[in-house]
Amino acid sequence: MAIIEARDIRKVYGNLEVLHDVDLSVEEGEILGLIGPSGSGKSTLLRILDLIEPPSGGELSVFGTDTVAERSRWLDLRRRMGMLFQRPIVFNASVYDNVAMGLRYRGVSGSDIDRKVKEALDAVGLSRYIKSRATDLSGGEQQRVALSRVLVTDPEILFLDEPTANLDPGSTATIERIVADLNREAGMTVLISTHDLAQGQRLAHRIAVMIEGTVAQAGSPHAVFHEPGSRKIAGFVGVQNIIPGRVVSRQGGLTTVAAKDRRIISATPSPADEVFVVIRGEDISLHRREPGYEEAENLFPARVTAIESMAPFVNVTVDCGCDLVVLMPARRAEALEIHVGMEVWVSLPAKVVHLVPQNGP
Amino acid sequence: MKMNVAILSAGTIAILFILALLAGCTGTAPGENVTPNVTTTAPAAGANVLKIATTTSLENTGLLAELERVYERETGMDLQFIAQGTGQALDTARRGDVDLVLVHAPALEKEFEDEGYGIDPRCIAYNYFIIVGPEDDPAKIRNMSAVEAFRTIAIAGMNNTPGVAFVSRGDNSGTHAQEKALWKEAGYNYTTEILDSGAWYVDAGKGMGDTLILADEKKAYTLSDEGTYLSFANRLALVPIISESTELMNRYSAIAVNPAKYPNTNARGAADFINWLISDEGKQLIGDFGKVEFGKPLFVPLYAPECTGPPFNCTCAEPVPTPA
Amino acid sequence: MNGNPIVEGFIEAIRLIVSLDPQVVEITIRSLYVSLTATFFAALIALPLGALIYFYEFRGKHAVVSTLQTLYALPTVIVGLVMFLLLSNIGPFGFLRLLYTPGGMIVTQTVLIIPLLMGLTVSALSGIDRDKRYTITALGASRLQTIVTIIVESRFAVMSSVLLGFGRAISEVGTVMIIGGNIRGATRVLTTAIALNTSMANYSVSIALGIILLAVALGVNIALSLVQRR
Numbered sequence: 001m002a003i004i005e006a007r008d009i010r011k012v013y014g015n016l017e018v019l020h021d022v023d024l025s026v027e028e029g030e031i032l033g034l035i036g037p038s039g040s041g042k043s044t045l046l047r048i049l050d051l052i053e054p055p056s057g058g059e060l061s062v063f064g065t066d067t068v069a070e071r072s073r074w075l076d077l078r079r080r081m082g083m084l085f086q087r088p089i090v091f092n093a094s095v096y097d098n099v100a101m102g103l104r105y106r107g108v109s110g111s112d113i114d115r116k117v118k119e120a121l122d123a124v125g126l127s128r129y130i131k132s133r134a135t136d137l138s139g140g141e142q143q144r145v146a147l148s149r150v151l152v153t154d155p156e157i158l159f160l161d162e163p164t165a166n167l168d169p170g171s172t173a174t175i176e177r178i179v180a181d182l183n184r185e186a187g188m189t190v191l192i193s194t195h196d197l198a199q200g201q202r203l204a205h206r207i208a209v210m211i212e213g214t215v216a217q218a219g220s221p222h223a224v225f226h227e228p229g230s231r232k233i234a235g236f237v238g239v240q241n242i243i244p245g246r247v248v249s250r251q252g253g254l255t256t257v258a259a260k261d262r263r264i265i266s267a268t269p270s271p272a273d274e275v276f277v278v279i280r281g282e283d284i285s286l287h288r289r290e291p292g293y294e295e296a297e298n299l300f301p302a303r304v305t306a307i308e309s310m311a312p313f314v315n316v317t318v319d320c321g322c323d324l325v326v327l328m329p330a331r332r333a334e335a336l337e338i339h340v341g342m343e344v345w346v347s348l349p350a351k352v353v354h355l356v357p358q359n360g361p
Numbered sequence: 001m002k003m004n005v006a007i008l009s010a011g012t013i014a015i016l017f018i019l020a021l022l023a024g025c026t027g028t029a030p031g032e033n034v035t036p037n038v039t040t041t042a043p044a045a046g047a048n049v050l051k052i053a054t055t056t057s058l059e060n061t062g063l064l065a066e067l068e069r070v071y072e073r074e075t076g077m078d079l080q081f082i083a084q085g086t087g088q089a090l091d092t093a094r095r096g097d098v099d100l101v102l103v104h105a106p107a108l109e110k111e112f113e114d115e116g117y118g119i120d121p122r123c124i125a126y127n128y129f130i131i132v133g134p135e136d137d138p139a140k141i142r143n144m145s146a147v148e149a150f151r152t153i154a155i156a157g158m159n160n161t162p163g164v165a166f167v168s169r170g171d172n173s174g175t176h177a178q179e180k181a182l183w184k185e186a187g188y189n190y191t192t193e194i195l196d197s198g199a200w201y202v203d204a205g206k207g208m209g210d211t212l213i214l215a216d217e218k219k220a221y222t223l224s225d226e227g228t229y230l231s232f233a234n235r236l237a238l239v240p241i242i243s244e245s246t247e248l249m250n251r252y253s254a255i256a257v258n259p260a261k262y263p264n265t266n267a268r269g270a271a272d273f274i275n276w277l278i279s280d281e282g283k284q285l286i287g288d289f290g291k292v293e294f295g296k297p298l299f300v301p302l303y304a305p306e307c308t309g310p311p312f313n314c315t316c317a318e319p320v321p322t323p324a
Numbered sequence: 001m002n003g004n005p006i007v008e009g010f011i012e013a014i015r016l017i018v019s020l021d022p023q024v025v026e027i028t029i030r031s032l033y034v035s036l037t038a039t040f041f042a043a044l045i046a047l048p049l050g051a052l053i054y055f056y057e058f059r060g061k062h063a064v065v066s067t068l069q070t071l072y073a074l075p076t077v078i079v080g081l082v083m084f085l086l087l088s089n090i091g092p093f094g095f096l097r098l099l100y101t102p103g104g105m106i107v108t109q110t111v112l113i114i115p116l117l118m119g120l121t122v123s124a125l126s127g128i129d130r131d132k133r134y135t136i137t138a139l140g141a142s143r144l145q146t147i148v149t150i151i152v153e154s155r156f157a158v159m160s161s162v163l164l165g166f167g168r169a170i171s172e173v174g175t176v177m178i179i180g181g182n183i184r185g186a187t188r189v190l191t192t193a194i195a196l197n198t199s200m201a202n203y204s205v206s207i208a209l210g211i212i213l214l215a216v217a218l219g220v221n222i223a224l225s226l227v228q229r230r
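Protein chains in written order, with the numbering used here: chain Y, 1 to 361; chain C, 1 to 324; chain S, 1 to 230.
One or more of the hints may lead you astray.
What the hints assert, rightly or not - Calculated pairs, DSS-like style, for lysine-lysine (alpha carbon to alpha carbon, straight line, at most 25 Å):
| hint | chain 1 | residue 1 | chain 2 | residue 2 |
| --- | --- | --- | --- | --- |
| 1 | Y | K131 | S | K61 |
| 2 | Y | K116 | S | K132 |
| 3 | C | K218 | C | K110 |
| 4 | C | K206 | C | K184 |
| 5 | S | K61 | Y | K118 |
| 6 | C | K140 | C | K180 |
| 7 | C | K110 | C | K180 |
| 8 | Y | K351 | Y | K260 |
It should be emphasised that the hints constitute simulated quantities derived from the structure, not laboratory data.
Chain Y extracted, bound-state conformation (with noise of 0.2 Å):
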């Protein structure tokens, strides 16, 4: 049974509707990654689960306590909750009383807070800041302190929201690594939200994307990046090639697609006539001379037009009757001696081609 179940979950400030028909379920123990550009509704949906504040309307269990019907056991089920925001956020007082306050707030005795305020600090490696007032730690070391602050009353689940999005590679890497952690040896339940979307790959068992104000599409890493929903989603997710093209045959589980001068063959179910076509850039192999031997279903002659330099990656844009993105390694396009106006073949197995309706969400 999921830990938290959420349906149809709408939140309206003022005139302004920020979540609609959010549907998101959360398994015990798996690491959701909350992904989606700024201002998609993540902290507040975030929020509203870790329930700080109430959603305007729809249905939402935590624990398998319906939240709507039970007011009362919200402190009690928030007590068994925890939250890391993006900003370090510290109070006017030392770095003890900081990482204190949530055992004080749960009535824990002197002794043991004393002895878990000890033990998270040594964790994070504050041991020698916990006497300073904690307005003066620097900003990673303010983030170490509120992360302290929310392990040590053993949040049955985490909600990190952009915890990495203000730090340094290396208190990034310190505390992806702290939550990769409790989560195996503690089986701690972790909801990230990020933006970035190396992170929500690491980390992440499973993700969901946010676009604007719900969850736009919620599954394994590899469905939201290989296989996205929709057009935004594509586009979110860094896909290179999003095309628009219309159905013009269906054939034993292929289907082909016209897009501009150029017909390309896909796995997908055609799942309208108008669609778009989604490939990622780094699917499509590039070739100096027309390959010998291929069983990619599609194989196309084409032209250099551009080449743009992502390291350690190049970005080397082909027509081939329409225009392909094609990703590949700084190296190997060197050892091909691209260049801009050379004839190449390119290819892509039908599988790496995916389809979305032009009219979908």
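Since the structure of chain Y is provided, determine the placement of chains C and S on it from the hints.
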């Protein structure tokens, strides 16, 4: 931030309770604060405090401080003087905010008594108003009578004679009342002919001391009681131009606030103090005041039967009845 | 008296302060007593009310806050006049006999600075940003614990507002003159004594009291900057 209703309402009740307690505290606070007065002088409130509205001219001479020192030592009564103009002092008494008044404007005093607010008036002492001005006397009024002098100043002022100016208290005080009476006797309607008649007439709206300082700065004439002038004389270039004219006689009286109008005034304290003022001891104190500092007394105590005849026409010896 | 009265007044003033002149000491102590007491009671009333306004949502909340901010600029003489009418023997609270007493001055100064303290308390608490409030809630604070944490967190800003209130109370002259009556030995405070002694040309006493008032104001400002640095 929303919590369950029970906790929320419990919090509300707790805060309201605290507020109610606080309100209770502050309600009683002023009373408590009055009693343990931090200064040594005053066990305030009730029968041990006598509040007296008086004139700035009396306060500024230092006479009141002297009376207070002696009377408080003898009786333990805390005398509290509120220095205002005579008109304002009488209004304060009309509202029952003080226990008696010590003033010097016979016409205003009579009004106050006729209205039933003031009882047991006793005249205490007198001195003279003086007309002070610059040594060179630009309006040439020396040796005139007071009324003549006022007329001369007005004519010179309205003709824009250089150097001629007059500063008025303008605060409805006893001195101001005297000044208005003199303009009237000189043949002017104060409101229509003197006020706003030109730059020569300066309406200060201040106490006697301030008015003297202002007149000094402007090298102008002004009407002052003798006591205040003497106590300020060493800081002023102004000199007395006309003094001891009978038209300038200045009589001080004490009047108690009628306890029938305001039962919560200290009527007994007021009667006691008036009786002390008209006692030989009080009169001697008043008569001696200023001898050391100024070389001459600032006030002349009134004795019977002199006080009952003109120009005083007042009661100065008969003790006032002490209320139970 | 020869020479410049201002220079001489200044020298005499220093002498009055150094020798702890009884009149100067008495007036200073009374001033501190009246204004500190008024600030104390104003804080007792205004801080919880300010917190109440901040923590509870109600219709017209915005109007209440802007009204409070308008009242900051309330001319003190108007407060003095209204309190005078209320406290005079013919007024509704005349039976308390508070006019021309230190108690009346305390009540009036309390009334005078309550809007300031309430408004500044609301501002002080509003200084706790949204993310901090979310953090407190997320850490599992109950409603009451949330309120306590926010108040504790804004303690320095609240202290600043109390100090500002005290500064306004002690440097105020209009209301204490009207309500206190400037009675020697009973209601004469630093500001009214300065006004009186200046009018009597006792510049030395005025200057001495002025130096003390300045020192108190300076002390309040030093305390303020220390508090605000936290």
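Checked hints:
Of the pairs offered as hints, the one joining K131(Y) and K61(S) is violated, with about 40 Å between alpha carbons and a cut-off of 25 Å exceeded. Distance restraint check for K116(Y) and K132(S): the Cα-Cα separation of roughly 23 Å lies within the 25 Å cut-off, and the hinted pair is therefore satisfied. Between K218(C) and K110(C), the direct Cα distance comes to roughly 35 Å. Violation of the 25 Å bound is thereby established for this hinted pair. As the CA atoms of K206(C) and K184(C) are separated by approximately 22 Å, the hinted pair is consistent with the 25 Å bound.
As the CA atoms of K61(S) and K118(Y) are separated by approximately 44 Å, the hinted pair breaks the 25 Å bound. Taking the CA atoms of K140(C) and K180(C), the gap is about 21 Å. The hint holds against a cut of 25 Å. Between K110(C) and K180(C) the CA atoms are separated by roughly 17 Å; this keeps the pair inside 25 Å, and the hint holds. Our distance criterion of 25 Å between C-alpha atoms is met by K351(Y) and K260(Y), whose separation comes to about 20 Å.
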